[in-house]
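A.B. asks: Here is how the chains run, residue by residue.
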Amino acid sequence: MELIAIAFGAIFVNNVVLQQFYGLCPFLGVSTKKSSALSMGMAVTFVITLSSIISYIIYTFILKPNDITYLSTIVFILVIASFVQLVEMFIKRFSSSLYSALGVYLPLITTNCAVLGVAIDTTVNSAKIFGGNENPTLMMVTIYALGISLGYALVIFLFSAIREEMSAYPIKRNWQGIPIALITAFIMAMIFIGFGGIV
Amino acid sequence: MKHVRIVLALTLVVLVASLAVFFVEGVTTPIIDDYNFEQANAAKFTVLPTLSSSDDITPTTAYDFTGTTITELIIVEGKGYIYTAQFQGYQSQITYMVAVDLEGNITGYKTLLQGDTPGLGAEIANPDFYPQFVGMSTDTAASGDFDGLSGASVTTGGFKASLAKVLAFHKVEFEGAVVETEAQKLARWKQEITVSGATFTDVSGDYTLPAFVTAMEFANDGSSDVAVVYQVVFDGRNDIVEYWISFDLATNEVLGFRLLAQAETPGYGAKIEEEARWEQFVGLSLDDALNSNFDDIAGATETTNPWKASVEDIASFHQATFVGFEGGESDAAKTLRLIGEIYPTADTFTEVTRNYAPSHDVRKVYEIYNGSDFLGIAYFVESIGASYAEVTLNQFVVGIDVNRNFAGFRMFSLGDTEGITDAYLEATFGASFAGESIDSSYTIDSYAGATFTGVALKNAIDKVVAFHNDNAIGRPDSLDASEANILAAFPGAATYESIYLDHPYAGGIYNLYMVYNSSAEAIGYVYYSRADSNASVGVLFTWGVNLAGVSQQIIIINNAETWADAQEYGDYTGSVGIWPNTTWLNNFEGVSLASLIATPVDSVAGVTNTTSGMLEAIGVIAEYHIDNSIGGAE
Amino acid sequence: MAKKQKSIREIFTNGLFKQNPTFVQFLGMCPTLAVTKSVESALGMGAGVIFVLVMSNLAVSLVRNYVPREVRIPIYIVIIASLVTILEMLMRAFAPDIALLLGTFLSLIAVNCIILGRAEAFASKNGPIKSMADGLGMAIGFTGGITLIATFREILGAGTFLGMQIIPETYQISILIQSAGAFLVFGILVSQINKIRMNRADRNEVA
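Protein chains in written order, with numbering that gives the first Met the number 0: chain A, 0 to 198; chain W, 0 to 633; chain X, 0 to 206.
Here chain A stands alone, though its shape is the one from the complex (with noise of 0.2 Å):
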């Protein structure tokens, strides 16, 4: 039942992109067309979930016993860089299909605060995130991280449907490209405020 919460929480009510903030370069840049946010939230599901393991693994057992977790940010950074540089190299290798619709979008991921921010968040902050719980289990992580990456590639995918939409109207001049983007995603943010009185 818990994780259920972890998870409704991580998509919804604490959705990434609009409560959270992070992620927010790609969710305005790569947004304009459906397909291109489809890949891109693919890939970020996947680098934020593995990652978000991998950094919890590393922090669990190496950083916290050796009082060195200071050093998560460089650490964890240093992971996320290689994991996405050999998933790229992996991809481009085994499968040129995926490569063309994803391998494009993985640099990109790499910088993404969501990556980082989310690995941190169910690390170093985890208290705040998990209800006080400063010691959560690998499975409330995985949930965390999948819930979150699952509400980034359903906001942006929403949002690049009505951008997609929208490129069809004539727009004032200075409003075109980022500021409509903006308001769009304030009522879509006002919107997913309302998730907030169900968890």
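Any given hint could be a false lead.
[As the list claims (entries may be wrong)] Residues of chain W placed beyond 10 Å of chain X at every Cβ, according to the derived structure:
id, residue
1, A19
2, E102
3, A160
4, E241
5, E340
6, E381
7, Q394
8, Y446
9, G453
10, T607
[Claimed, not checked] For the chain X half of the interface with chain A, some residues (derived, Cβ under 7 Å), not all of them:
id, residue
11, M28
12, C29
13, L32
14, A80
15, V110
16, G186
17, N193
No wet-lab data here; the hints were simulated from the structure. Ideal Cβ placement from N, Cα and C applies to all residues, glycine included.
Given chain A's structure and the hints, the job is docking chains W and X onto it.
C.D. replies: Relative to the frame of chain A, chains W and X by itself:
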């Protein structure tokens, strides 16, 4: 060479970076630790103003804080007690510090750590929140009688609960408060839900208690019995739930509710033990109790539903037992009496309303039994009347027996114009259609001057029949013939399956099977039925019918008839043989069912009991087969 | 094509206005929306970014000739991450309230696109003094940008400025303080700044 350069460069950079980081860490960590320490300590001075830096502030290790939410206690000799406690707020763990002096008053409060919603739960850290606690007595604080956080009910609730636990601990350890034993608590509860100072008499033996009432006591206020306390059990989601509920014997209002035992899911059904939920029972009218008009436990329907049903049941019992004293017959008792009139041989009525989807008109459904024999169904119906001026309600009880005939009808109350509609209250009205099959186009009497009422009642009765059919109610369990007998009725059949539940029930037809050949193709049907006969057990037989509606074989399963040779007893031209091998039965083999209806076979004089019975049963099957288009038969 | 040598001053002001990271380049979006709930946190973030960006530009510039191309990105990342870690520790020691206020976003400065972007685009190709000037300009431009947004959000949303009550509580537009409001304020501001820039561009063309 290039690779060496790369590795060298990387290593160098990493080394330099690490050194820089380690250096800064060495410098800053002590400062950070100091800061955290100071923060925590500064709070201590704030909450206990009499504290001085010479006091020993080592936390005590002498106590077990389990269940109190206390994380630390500092006993300051001669000055007071500093508690640090932690509870779960809306979205974060909240840590606070509260200090109590030696006189049992709070000297100060401070929130240390919280991560809740700004403007809502986070307001617990707003310094404006703190001053109200200064000078507050521990009793007031423990009772929660102070301002919470507006708009932050979860955080406020958690906080008040935590504070109450902390202070309860304090009272026990340092103010010599006596902890109430379980027995004392129960005794106190009993007084609370009846009248203070009451004495109790167990009267469980004086009444026939239903299974869900495990004890019954009268509460006496010194001069007379004023209330009754029932101990009730019901099946919750996980396990049995037990509670006390008390009724005022004069007004029949609910006086109170106390939960005794439950094992429901924490956070869901377990909320039934929240004392705040019991408040709503105080002063609850009997009517409201009968209709379980009290708040659900949100998100815990599997606990809430049986809880509500249980309260309705105990209210019914109370009504049936005590409200009758006033001289009037309770509705429940009247309903049961009327049903008893419709089914005179019945000894058990089981209400099964909950098993069926609700209907506007059908309010209650009862299964009627004599011993273990299922007799039929009784419905308590409420329908809109025919009055012009206002919405009236007519209530009646109607029975449909196991053979799908009307068992009877009794008007419960008529909302339509008195005087004009009295005829409907008479027994003759019910008798006008009692015994008729609900599958027939039955008619009911209608009385001049009140024909609209008659129409309304007919509509209502039609709705009951529809409800009866739609919910396939009142079907006794289908009986099974043996495989040998089924397959023998249809040569070429290899396998079979019962399809009776897909079709309406017909009295006399015990089961209906579809049979398949060895290639698993459907080839036809086999009926398993009973015919009235000379012997009281009747004739049990199976009868095969193919997809074209042509009968196959008829297999007589039992033989309890007393006539053996048709020729000896009857004038049976053209047949030979002893029952059940008589060739008279060939009349039912290899013929289309439609022809059997068109030109019925004659019974055999002298053995009419058996043969007429068989013919009737065959007729029922043939008509059933065609009326229900079994296999597309027209 | 000859590159026009920019003066230090030009490099500096470039980051302030022409290539303002917040309103022109749209880099570093995450902190822009997240820490602008109050002017205090915006200034705190700005200070942190100034520190990291200037130092990282300096460091990258110093090693630019010795770092092989293939590993330059990982090396920049190591430099930036270490600087951020140092910043975290310094802040927690000397300005713990701000560190708490910024929360995870303090660590996320390490993946702020501005810093890696400037390292790659400028510091890897220019001398240390110029790189520092660029870093300072960009960082101050960023700080100015987010402080502007924060000013609107805090004054209109909570009625305060740096914690001091300016507008009475009853006139608050609380949605601005919540996450959704960030999008709104930022969107409106960008549209207005766009208008100014477009008018200016039009005028320049006509002239």
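A.B. asks: Holds or violated: L32(X) as interface residue toward chain A, Cβ cutoff 7 Å?
C.D. replies: holds, 5 Å
A.B. asks: With a cut-off of 7 Å, does the beta carbon of N193(X) approach a beta carbon of chain A closely enough for the hint to hold?
C.D. replies: holds, 4 Å
A.B. asks: Taking C-beta pairs only, is E340(W) more than 10 Å away from all of chain X?
C.D. replies: The claim stands: E340(W) keeps its Cβ more than 10 Å from every Cβ of chain X (closest is about 68 Å).
A.B. asks: Using Cβ atoms only, decide whether C29(X) comes closer than 7 Å to chain A, and label the hint accordingly.
C.D. replies: holds, 4 Å
A.B. asks: Would the hint on V110(X) be counted as holding, given a Cβ-Cβ threshold of 7 Å to chain A?
C.D. replies: With a minimum Cβ separation of about 5 Å from chain A (threshold 7 Å), the hint on V110(X) holds.
A.B. asks: The output says Y446(W) does not contact chain X. Does that hold with a beta carbon cutoff of 10 Å?
C.D. replies: Correct as stated: the minimum Cβ-Cβ distance to chain X is 68 Å, above 10 Å.
A.B. asks: Does the claim that G453(W) lies outside the interface with chain X hold up, using a Cβ gap greater than 10 Å?
C.D. replies: holds, 63 Å
A.B. asks: Interface hint check: G186(X), Cβ to nearest Cβ on chain A, cutoff 7 Å. Holds or violated?
C.D. replies: holds, 3 Å
A.B. asks: Does M28(X) meet its interface restraint, that is, does its C-beta lie within less than 7 Å of any C-beta in chain A?
C.D. replies: holds, 4 Å
A.B. asks: Examine each Cβ of chain X, and state whether all of them lie more than 10 Å from the Cβ of E381(W).
C.D. replies: holds, 50 Å
A.B. asks: Over 10 Å from every CB of chain X: does Q394(W) meet that, or does the non-interface label fail?
C.D. replies: About 55 Å separates Q394(W) from the closest Cβ of chain X, which puts it past 10 Å; holds.
A.B. asks: Minimum C-beta separation from A19(W) to chain X exceeding 10 Å: can you confirm that?
C.D. replies: violated, 6 Å
Checked against the numbered hints given earlier, this structure breaks only hint 1.
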